[in-house]
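**Student:** Take a look at the letters that make up each chain.
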Amino acid sequence: MDRPSLVAALRARIGRLERAGAAAALARAQVSAIPLAPAIDRALADGGLARAALHEILAAEPGAATGFAALALARSGGTVLWIAPEPDAWPSGLKAYGLPPERLVLVRAPRPADALWAMEEALRCPAVTGALLDMEVADLTAARRLQLAAEAGGAIGLLLRPDTPSPGPTAALTRWRLAARPGEEGGAHHLGDPSWQAELLRGRGSRPQSWPVTWRASQDLLDIEGAVAAPPAVKRRRA
Amino acid sequence: MVEARRFLALSLADPARWGAFALRLSPLVSVQPPDLLLLDITGIAHLHGDEAGLLAAAEALFARHGVVAEGLVAHPPAAAMALRRAGLRGILAETAGPVAALDIAALPLDPPMQATLRQLGLRRVADLLRQPRAPLVRRFGAGIGLALDVLTGAASPALGFLRPPPLLAAKCDFLEPLTTAEAIAPALTALVADLCARLEAAGQGARRLTLRGFRADGRVQEMGLGLAQASRDVAHLARLLLPRIERLEPGPGFEHLSLGVLRAEPLGAVQAGFAGQGAAAEAAALAQLFDRLATRVQAWRLQPEPNHWPEHEARPIPPALLPASPITPPPGWPRPGRPTRLLRPAREIQAVALLPDAPPSLLRIGRQARRVRAAEGPERIAPAWWRDAAPSPRDYYRLEMEDGARLWVCRIGFGPAARWFLHGHL
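Chains as they are written, first to last, in the working numbering: chain S, 16 to 254; chain B, 3 to 428.
So that you can see chain S by itself, here it is in the shape it has in the complex (with noise of 0.2 Å):
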């Protein structure tokens, strides 16, 4: 075998022996990746935001991040449960980015050891698709087993923590900085779609690339600037 499949083969080997206890779980789900947009998931090592695996979003902006996580925890398809010490996610809200009442479940763990607890059980339930912490989690042996719990059952597990300019070493697998933008559409008595600017800082396979983002609910899809024009149906208001 010449040098270069020698490297691929071992590469292929120790990337099995990394998410080797996800293997079973990934192979239960039908897509292995949530998609996000097709610029961003190009962008990823595994096409999309990967499931069985943690991701930590830091929260630059409150409403952005929770439109963001909502996203990926609307397409991971199956019951999702909100953790944080008081959970304020509103299930109005969550509607519009594809997340509905029925399969959102809150729970309220004020020690911050419960609330750790309360995760890891939810990751490792084979029935939960997504599960979302919103909390500061800054023991390294923590998120270890968070990431450890999402291998086992499956599910997509996002860290929501507010936004620090040094955010230290991280367990998740990859990691985003979510802000808001000003939108470019919309005057100043009409808001448009909401914007954001979604920053990927760290990746397995990734390089750090940021994208600015647009939810367009109407169409169910995160639109790029830049990136192929919006359908003509959406009409573009300058103030």
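Please note: incorrect hints may appear among the correct ones.
[Unchecked claim] Not the full set, but computed from the structure, chain S residues with beta-carbon under 10 Å of chain B:
{"hint": "1", "residue": "Glu-76"}
{"hint": "2", "residue": "Thr-94"}
{"hint": "3", "residue": "Leu-96"}
{"hint": "4", "residue": "Val-122"}
{"hint": "5", "residue": "Ala-137"}
{"hint": "6", "residue": "Arg-139"}
{"hint": "7", "residue": "Val-143"}
{"hint": "8", "residue": "Ala-203"}
[Claimed, not checked] Cβ pair distances, simulated, as ranges:
{"hint": "9", "chain 1": "B", "residue 1": "Leu-364", "chain 2": "S", "residue 2": "Asp-56", "range": "34 to 42 Å"}
{"hint": "10", "chain 1": "S", "residue 1": "Ser-225", "chain 2": "B", "residue 2": "Pro-188", "range": "52 to 60 Å"}
{"hint": "11", "chain 1": "B", "residue 1": "Pro-358", "chain 2": "S", "residue 2": "Arg-57", "range": "47 to 55 Å"}
{"hint": "12", "chain 1": "B", "residue 1": "Arg-337", "chain 2": "S", "residue 2": "Glu-151", "range": "32 to 40 Å"}
{"hint": "13", "chain 1": "B", "residue 1": "Ser-363", "chain 2": "S", "residue 2": "Asp-56", "range": "35 to 43 Å"}
{"hint": "14", "chain 1": "S", "residue 1": "Pro-50", "chain 2": "B", "residue 2": "Glu-381", "range": "30 to 38 Å"}
{"hint": "15", "chain 1": "B", "residue 1": "Pro-333", "chain 2": "S", "residue 2": "Ser-225", "range": "36 to 44 Å"}
{"hint": "16", "chain 1": "S", "residue 1": "Asp-56", "chain 2": "B", "residue 2": "Met-225", "range": "47 to 55 Å"}
{"hint": "17", "chain 1": "B", "residue 1": "Ala-203", "chain 2": "S", "residue 2": "Arg-57", "range": "57 to 65 Å"}
{"hint": "18", "chain 1": "B", "residue 1": "Glu-267", "chain 2": "S", "residue 2": "Ser-225", "range": "53 to 61 Å"}
Treat the hints as calculated values from the structure; they're not laboratory data.
Glycine included, every Cβ here is placed at the ideal spot set by N, Cα and C.
Add chain B to chain S, keeping to what the hints say.
**Tutor:** Chain B alone, transformed into the frame defined by chain S:
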């Protein structure tokens, strides 16, 4: 053949304190102040050999704790109690004779009525039973008739039992009292396995369990467990019960553990293979998850309501979804422009608006001043005016700030008295 009911009347000092302890002998215990415990022992006698064995075991159990207890086994229960209070002990197959010989003081009658009866020459229960009932009742009231019927067994007395009897129970005695959680855990697991085997044989699943630990000092520790979905899965029940051992106080140690099923539901046979697929398996897995989460945290789903008031647009309901009552949003739900996060309570902020009913142009949240770039609104939401003490109407604005952040802000009141609140993030 219907088995005749048998009752054990135990007289001892302070029956209220030893009532729960007597649950070790029988599931149906009634405290009869000031000095009696009444146990329903129908069908239990064979566990101790025969009724004599049961009586000896009961008296010995109390004697071990330094309580002098004397018992009488008889039927009906009121006769057993009256005869025990009159001093009889042992086992009585038939009570008509001894009851007839009782003095009328054994009946729950007022002293004036008793004095009148003695004056009339009716000193024994036999005398009263010989009298025609109707004139007796007409003279002394219906109470005397009921008391006589209860004593002879023609009517059943109103007995209040301490605890509801379990449908199934698994029990275990220990030679050495258990004091540590590590010792209690395997015993509890064995009880759960025994109980689940019997539930399977009966085709039932448990919904409500009760665990009772009888301590070596005569006190009883109890713990209950409820399940969202009927289950007889040994691993699931053990995982729910074992952490709760921490809440028990063994004190000098548990001599006897009893695990009972208070409520059960029919549960069909579950196929052992291919258990991972299917909507029913998913629902079962979710129900087990919610059972486990309920031990440490609170979980709920939100049911959409046809209510325009923002805080009441959705109502919390238990998380286990029943197939008979799914969550369906009412038509027109949700209203457009609602936030993804609703702050509770709403945060008071300062805002500057150019006109009284115009959207704000500047917000001061905490110490930060932020300029408003675009605004939609106002959306006036008025409360239910037909209720007393309704809050004031609110004008909601959807604001986009300079940096792109979107906020759901409301104003209560007008002009200088206006108050602004940040109610949510969009």
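**Student:** Give a verdict on every hint.
**Tutor:** How the hints compare with the structure:
1. Glu-76: holds, 5 Å
2. Thr-94: Result: holds, 6 Å to nearest chain B Cβ.
3. Leu-96: holds, 8 Å
4. Val-122: holds, 5 Å
5. Ala-137: holds, 7 Å
6. Arg-139: Constraint on Arg-139 of chain S satisfied, holds at 9 Å.
7. Val-143: With a closest approach of 7 Å, the Val-143 of chain S hint holds.
8. Ala-203: Hint holds; Ala-203 of chain S Cβ to chain B Cβ min 5 Å, cut 10 Å.
9. B:Leu-364 to S:Asp-56: 34 to 42 Å: Check passed, 40 Å falls within 34 to 42 Å.
10. S:Ser-225 to B:Pro-188: 52 to 60 Å: holds, 57 Å
11. B:Pro-358 to S:Arg-57: 47 to 55 Å: Given a distance of about 52 Å, which is inside 47 to 55 Å, the answer is holds.
12. B:Arg-337 to S:Glu-151: 32 to 40 Å: Since Arg-337 of chain B and Glu-151 of chain S have Cβ atoms about 33 Å apart, the given range 32 to 40 Å holds.
13. B:Ser-363 to S:Asp-56: 35 to 43 Å: Hint holds: Cβ distance 40 Å, inside 35 to 43 Å.
14. S:Pro-50 to B:Glu-381: 30 to 38 Å: holds, 34 Å
15. B:Pro-333 to S:Ser-225: 36 to 44 Å: holds, 41 Å
16. S:Asp-56 to B:Met-225: 47 to 55 Å: Hint holds: Cβ distance 51 Å, inside 47 to 55 Å.
17. B:Ala-203 to S:Arg-57: 57 to 65 Å: holds, 59 Å
18. B:Glu-267 to S:Ser-225: 53 to 61 Å: holds, 55 Å
Violation of the numbered hints given earlier is absent; every hint is satisfied by the structure.
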